[in-house]
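Novice: These are the residues of each chain, in order.
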Amino acid sequence: MMTWLRQNARETIAALALVILFAGYIAIHPRGFSTYVVTIWSNQGTLLGLAAIAQFFVVLVKGIDLSVGSIIALTNVMGSFLLNGSPTSIALGMAVVLTVGVACGLVNGIAVVYGGVQPIVTTLATGGIFGGIALLLRPTPGGSIDETMSDALTYAVAGIPVSAVILVIVLVILLMLLRRTAVGLGLYAIGSSEQSAYMTGLRVNRLKLVAYGSSGFVAALAGTYVSMVTLTGDPNIAPSYTLNSIAAVVLGGVALSGGVGSPLGAVIGALILKTISSLMFFSGLPPLAQPFFEGLILATAIALGALGVFQVRSRLELYR
Amino acid sequence: MADRYVELKSVSKSYGGVPALTAVDFRCEPGRVHAILGENGAGKSTLMKLLAGVIQPDAGTISIGGQTVRFSSPREAAEQGTVCMFQELSLMPHLSVGDNIVLAAPRTRMGMIERSVYREAREALDLVGAKSIPLGARVSGLSLSERQLVEIAKAVFRKPKLLILDEATSALTSELVETVFGVLRMLKEQGVAILFISHRMHEVDAIADRISVFRNGRHIETFDVGARTTDEIVGLMIGRSLEELFPPRRAPVPDTAPVVLNVSNVSWASQLVDVSLAARAGEIVGLGGLDAQGQQQIMHAVFGVLRGVTGRITLNGKRLNGLKPPRVKQSDIGLALVPEDRKTEGLIPSMSVAQNMRLAVLGRAPFGLLDLDGSSEARLQELIERLALTYGSLDDPIATLSGGNQQKVVLAKWLVLSPKCLLLMDPTRGIDLPTKAQIYRLLTDLAAEGMAVILQSTDYEELIHLCDRVYVFYRGSVAKELTGDHLTADALIAASMNVHLHAGAQA
Numbered sequence: 001m002m003t004w005l006r007q008n009a010r011e012t013i014a015a016l017a018l019v020i021l022f023a024g025y026i027a028i029h030p031r032g033f034s035t036y037v038v039t040i041w042s043n044q045g046t047l048l049g050l051a052a053i054a055q056f057f058v059v060l061v062k063g064i065d066l067s068v069g070s071i072i073a074l075t076n077v078m079g080s081f082l083l084n085g086s087p088t089s090i091a092l093g094m095a096v097v098l099t100v101g102v103a104c105g106l107v108n109g110i111a112v113v114y115g116g117v118q119p120i121v122t123t124l125a126t127g128g129i130f131g132g133i134a135l136l137l138r139p140t141p142g143g144s145i146d147e148t149m150s151d152a153l154t155y156a157v158a159g160i161p162v163s164a165v166i167l168v169i170v171l172v173i174l175l176m177l178l179r180r181t182a183v184g185l186g187l188y189a190i191g192s193s194e195q196s197a198y199m200t201g202l203r204v205n206r207l208k209l210v211a212y213g214s215s216g217f218v219a220a221l222a223g224t225y226v227s228m229v230t231l232t233g234d235p236n237i238a239p240s241y242t243l244n245s246i247a248a249v250v251l252g253g254v255a256l257s258g259g260v261g262s263p264l265g266a267v268i269g270a271l272i273l274k275t276i277s278s279l280m281f282f283s284g285l286p287p288l289a290q291p292f293f294e295g296l297i298l299a300t301a302i303a304l305g306a307l308g309v310f311q312v313r314s315r316l317e318l319y320r
Numbered sequence: 001m002a003d004r005y006v007e008l009k010s011v012s013k014s015y016g017g018v019p020a021l022t023a024v025d026f027r028c029e030p031g032r033v034h035a036i037l038g039e040n041g042a043g044k045s046t047l048m049k050l051l052a053g054v055i056q057p058d059a060g061t062i063s064i065g066g067q068t069v070r071f072s073s074p075r076e077a078a079e080q081g082t083v084c085m086f087q088e089l090s091l092m093p094h095l096s097v098g099d100n101i102v103l104a105a106p107r108t109r110m111g112m113i114e115r116s117v118y119r120e121a122r123e124a125l126d127l128v129g130a131k132s133i134p135l136g137a138r139v140s141g142l143s144l145s146e147r148q149l150v151e152i153a154k155a156v157f158r159k160p161k162l163l164i165l166d167e168a169t170s171a172l173t174s175e176l177v178e179t180v181f182g183v184l185r186m187l188k189e190q191g192v193a194i195l196f197i198s199h200r201m202h203e204v205d206a207i208a209d210r211i212s213v214f215r216n217g218r219h220i221e222t223f224d225v226g227a228r229t230t231d232e233i234v235g236l237m238i239g240r241s242l243e244e245l246f247p248p249r250r251a252p253v254p255d256t257a258p259v260v261l262n263v264s265n266v267s268w269a270s271q272l273v274d275v276s277l278a279a280r281a282g283e284i285v286g287l288g289g290l291d292a293q294g295q296q297q298i299m300h301a302v303f304g305v306l307r308g309v310t311g312r313i314t315l316n317g318k319r320l321n322g323l324k325p326p327r328v329k330q331s332d333i334g335l336a337l338v339p340e341d342r343k344t345e346g347l348i349p350s351m352s353v354a355q356n357m358r359l360a361v362l363g364r365a366p367f368g369l370l371d372l373d374g375s376s377e378a379r380l381q382e383l384i385e386r387l388a389l390t391y392g393s394l395d396d397p398i399a400t401l402s403g404g405n406q407q408k409v410v411l412a413k414w415l416v417l418s419p420k421c422l423l424l425m426d427p428t429r430g431i432d433l434p435t436k437a438q439i440y441r442l443l444t445d446l447a448a449e450g451m452a453v454i455l456q457s458t459d460y461e462e463l464i465h466l467c468d469r470v471y472v473f474y475r476g477s478v479a480k481e482l483t484g485d486h487l488t489a490d491a492l493i494a495a496s497m498n499v500h501l502h503a504g505a506q507a
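Top to bottom, those sequences are chains A and B.
According to this note's numbering, the stretch in the first sequence is residues 1 to 320, in order.
According to this note's numbering, the stretch in the second sequence is residues 1 to 507, in order.
Keep in mind that the hints were calculated from the coordinates and are not lab data.
These figures come from a predicted structure and were not determined experimentally.
The reader is advised that the hints may include incorrect statements.
Not everything, but these chain B residues come out facing chain A in the computed CB check (under 7 angstroms) [unchecked claim]:
1) P30
2) R75
3) T108
4) A269
Footprint (simulated), chain B over chain A, 3 or more residues, beta carbon under 8 angstroms [to be verified]:
5) 200-208
6) 238-245
Ideal Cβ placement from N, Cα and C applies to all residues, glycine included.
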């Protein structure tokens, strides 16, 4: 147990921070600890949590994805057209939305792997394209989404928010796949050292496509869940999800240099971010001052994560 | 496939017009250990990379058991049973030891990796003598020798038919080397063909059945172990007498010459232990020993790259402790370092020849303005002539130059600062012989002009023929200081392995 904690020190620290922040949030919330408050918090956290997992897959293989938010926006907008009607048509619509997400991820992956374009440049461009399509499809927020399904997925059952259950299921499945399958380990391997992975005989290109495709899939899940929570399709949500997903993975101990971290860490990071902004909302601070304090808390958290730099004893290591 | 021999027929490979292998015919058989010998740059690693599918030949064919093969990746080579253990380790640092081994050849059921595979990984580790390394340990936390053992276990785990070991035992103690050799002999009995590259002659003698010597990208000769003496083998490797390569021996530097660099009782992390050494003006002082015994770290410590160095380092009486590279290169101190890895530390590959040469001198310009009076420009021109640099245009990217000329640029970039003390880390690694000879001459000239030169080298001949004195490192400290008549190959090798030699005994 102790060695596990030490090897996953960043996740552990992040989890502790989350517990403290959450306690603070509940303490100052006018309604205190109630199913209603926790469900709202959990729904919001799940949205960003899924976005952070999508970002995690790309960061794991040494990339960065500036199009995550746009894929979420695009799938959200598509959901607002497709996720209603008979159960069959909802199921079909769901399949279409998820396929579009995977396709977007694969477009990024192909450009990075076979085009040799840097991830940040690729996703900056494709992000514009995906977001642009969303805007063309639905210039202003709107559309309709099956309310029965929305209710089922966003309320609580026996005091436990359904969103939390969904998030836990997604996490358990992903952790199993990442730690127990050759493909999952392969993703960590190419993030850790692409050259070594190649020398070991791993299919580096194919694995990278898997990472980008998975990212697109989870982003589509996030987009679908946005539809469930907001009951509209909104093409303008992209930038906030993109930036917050990057902040979330960093907070959750996922190394931007690749190969280190887990979806669990990414989700914890997302929940921390969500809790900080909720705290701000009820803190009584003037709204204009809130972004400043949000940034300050974020900077402190990131600085704590970077303390390892002071243990480096050869300065050459700092530049590797 | 009873006779699963590997054969190369007139194989050639060149990089950017520079030939690395020229018309090589080579053959190795199952159930034998075949040693490949040659200097740095002789084409050994190119040969290995060809066999392992990392690179493909420009001309000629590779066949296994009479069937022509063409591997486009290490994966394809491994599927055919060729497993290579490279000097630059192929481990994933953030993954656990178990995952690293298992990933090399995962067996899955319903997509999940079978737990029994980890048991086999454990057995492979135990076999090579790595009982103390837990499967769950992260590779990034292991020492170099532990990593080598994991790497060997990984190779054994894949059940190779052709196993290539490229300096695979360089960081292992003699006991562990014996355990690993036991495993190699076992594999040999099972009919595995083994290619073994090592610089340690006694290891080659201990394990190899046949020896092939390579020089300048050509296969020179193949013979059974014991058919030739060590001297003959060295002659084959170098291809000419040592006298032609090295400048004539200089008169010893008098004891009255002022001490330029003085290092006393320096320790750092666990990698440097109480190191003391000195270099006088006009001296070439060598740092020798096996790979990674602290020679590199002491250079970094002097140049201000390391944090938390204890002890005392002075240059011409000025204390250097705590000063960083931008400070120690200033003219009042006058230190310069030619780093180990040209490509990543010595040069900026995407910049031109001229830009690279001006990089070190930039910090000296007042207010960061580029040299106004042109004095350093004139000095650069002079250096280009002195180094006999061969180039197309000074505005060409540095990558278009040959390795030897790239190294000359690294030298020029520092010499333009007129350093008082020059630190060189393996400056002739992978460089052709004529350029080597030029660099040797240059170093002797610089010493004659009064510079103190510290030369860290993996090449024993270089240390013996060029240096006034050699400090031999072993596990982070100076095991022995060799001078004058005591500076011989046998003494160097013995000191490198920290064994004591009786007078007249052979290593």
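Novice: If a hint holds in the structure, say so; if it does not, say that too.
Specialist: Hints, one by one, checked against the model:
1. Annotation: B/P30 was flagged as interfacial toward chain A, and the flag is violated, the nearest CB pair being 22 angstroms apart, outside 7 angstroms.
2. Annotation: interface hint on B/R75 holds; nearest CB of chain A at approximately 4 angstroms, less than 7 angstroms.
3. For the restraint placing B/T108 at the interface with chain A, the shortest Cβ-Cβ distance is roughly 6 angstroms, inside the 7 angstroms limit, so the hint holds.
4. A cut of 7 angstroms between beta carbons decides the hint on B/A269: the least distance to chain A is about 5 angstroms, and the hint holds.
5. Residues of the stretch 200-208 of chain A with a Cβ under 8 angstroms from some Cβ of chain B number 4, which satisfies the need for three, so the listed coverage holds.
6. Counting residues of the stretch 238-245 of chain A whose beta-carbon sits less than 8 angstroms from any beta-carbon of chain B gives 0, not enough to reach three: the coverage restraint is violated.
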